[in-house]
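Visitor: Let the sequences and hints guide you as you build the complete structure.
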Amino acid sequence: MRREEKQRNHGMTEMKTRQVEQMTPEFEADVEELISHYPVSKRSASLPLLHHWQNHFGFVDDTGIEWIAAKLDLTPINILELLTFYPWFRREAAGKTIIRVCRTLACAMAGSYDVKEKFCEAVGLDPHVEHHGFGSAPPTTPDGKFSVEFVECLACCGSAPVALIGDDLVENIKPSDVPAIVKNLK
Amino acid sequence: MSALHPTPHPKERRIIFENISKPGYAADIDTYIANGGYESLKKAVTMKPSEIIDAVKAANLRGRGGAGFPCGTKWSFIKYDDGKPHYIVVNGDESEPGTFKDRYILHQDPHQLIEGLAISAFATNTRLAYIYIRCEFPHAAKIVWKAIQEAKARGFIGKNLLGSGFDLDIYVHQGAGAYICGEETALLESLEGKRAYPRIKPPYFPAVLGLYMKPTIVNNVETLCHVKHILRIGAAEYARMGTPGDGGTRTMCVSGDVMRPGIYEFPCGAVTIRELIFDVCGGLKPGRTLKAVIPGGSSAKIMRAGEVYKIKGKGPDGTMVDKDLPMLDVVMDASTLQSVGTMMGSAGVMVLDDSRDMVWALNNLNQFYAHESCGQCTPCREGSLWMSKMTTRMLDGGGRDKDPKTLQDIANNIAGRTICAFGEACSWPTQSFLAKFPEEFEKAARS
Ligand SMILES: Cc1cc2nc3c(=O)[nH]c(=O)nc-3n(C[C@H](O)[C@H](O)[C@H](O)COP(=O)(O)O)c2cc1C
Ligand code: FES
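Residue numbers (my numbering), protein chains in the order written: chain A, -2 to 183; chain B, 14 to 460.
Keep in mind that a hint or two might mislead.
Here are the simulated distance ranges between beta carbons [claimed, not checked]:
1. Lys142/A x Glu320/B: 48 to 56 Å
2. Gly141/A x Arg140/B: 44 to 52 Å
3. Ile324/B x Val126/A: 45 to 53 Å
4. Lys155/B x Ala177/A: 21 to 29 Å
No wet-lab data here; the hints were simulated from the structure.
Every value quoted in this text rests on a predicted model; they were computed, and no experiment measured them.
We put the CB at the ideal spot given by N, CA and C, even for glycine.
Guide: Set out below in structure tokens:
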């Protein structure tokens, strides 16, 4: 890609999606509700709108960045810099179910490295590929069903090792439990 | 969620976890009210705001988020009638490794937090509050938001709450996966819709310049819950449960190599490390011996089993003398842990047994800090990464003679040289692991 084009794309991979065209009236009504939670400064709604967008569309493309910025009277860089700072947000599609295994000390002591490897095997991902952050998606299966990544302490160290699967926390995971957990997700 | 054991240990005294311990307790408002909920708020609106603050001061309540700052004193920095808007932001970011108490309050007893928050708002003339919840608790955000709606519908918050003429709006704000948002000024930046870069101090307290540059109180979830109990039990009675400088109870999170990890709640200063590990938590795994304890979240300096600390104490004739304090006899309270060179922090107690390699354990924490540095200050951004790369290299058999010394130098050049306390948080593990387990690092350096 030529430099100027890359800049227009905010420096990332080429993006062809135009999520903004899929927006629904309900989506916009929810946006207004979220903004109303911040009577002092609209800019405070940046993170909530990014969450809302990502929950709805799966990731945030350039049209999303521009739309949110315009909605909050900001420039696109104000939104892009959040996408590349906060590990939760991404500018690429991830799997339908994201499996986030805790990597930090209590979980590591209880075998989370093993558990993560088992999850990768069970969904068919190379366990050695890491998630690089800065808005990229975690490693994802070619069929788009699963992503698996390590995350830092999930604040559930007393029942280590744990993983956040979609919105649900799974505790005390044994490596031998993993195939059954994944099977139930399919 | 299973970390709270159904029957409390005899040493425990559960007030924060009292409701949650009841079989069948649910997060809805009717259950809360049936269990005495919102009675403290009803009492609060009949009191003078300054009386509430005085009660919190007299209760000796210290913040439960990590820094242990006296809560009543923090509130008194806000001038009730200065004509400015005031804000309260609840710190529910809970991201210090080893800490997992607020999770249970947010998911299972959200009204306890809302009641404490409403009391503190009434005391400080605050009409808008946010509860900042890490986004890895997606259910908690929904549960707390629902609880806010319920409380509003019953008139406990919202316009003219309980007929007091006082208005309070509360909203939930979700984080986005960054540990640094737990640092209070980073949290405020994040709430303002910016990157979570901690603010330069002074001013040291958001009470001076906080959210939207207005006087703001940031308190931990558990801290605000205690406020409700101070009004319920009475400040004097509450203070008496704890030690002279540290009133009431505090929750503790125990993880790692013990038989019964989980969350517990004790009067402040009620248990020693020995009692906590060998009695309350059922001891170590069969055949194992204790190697180390990290007493207050991953940033707290590590303690080595078998160490004997020299502390000052009163001798038989009342004069101050040097005393020996064996590691297992250290009382788990803020002042004792400080006197032996570590801290109570967030009360996340991590226990390591003799099967653990200290270079491996430190490397795990170093990777955490390297990942979580916000990148604002050079010593922290670069140093945390260098430390992590070095311990990784040592583990992979690439250690060099000078590594322990270099690691030490890097850590010494971060602590005290950064905008926020993340600098200390990321250098204390390296400094203390090296000081307490030099032989393991020297061995890894030679390999
Ligand atoms: C790097 C860093 C991370 C922190 N993380 C948290 C956290 O996750 N939760 C919390 O309540 N306090 C955290 N704190 C402490 C807060 O800055 C602040 O002191 C606390 O929320 C104040 O509330 P309290 O007085 O009720 O304890 C953190 C501090 C630092 C320096
Ligand atoms: S270390 Fe895994 S939840 Fe805390």
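Visitor: All the hints need checking, so say for each whether the structure fits it.
Guide: Consistency of the hints with the structure:
1. Lys142/A x Glu320/B: 48 to 56 Å: 51 Å, holds
2. Gly141/A x Arg140/B: 44 to 52 Å: 46 Å, holds
3. Ile324/B x Val126/A: 45 to 53 Å: 50 Å, holds
4. Lys155/B x Ala177/A: 21 to 29 Å: Holds: the Cβ-Cβ distance is about 27 Å, inside 21 to 29 Å.
Violated hints are absent here; each numbered hint is respected by the structure.
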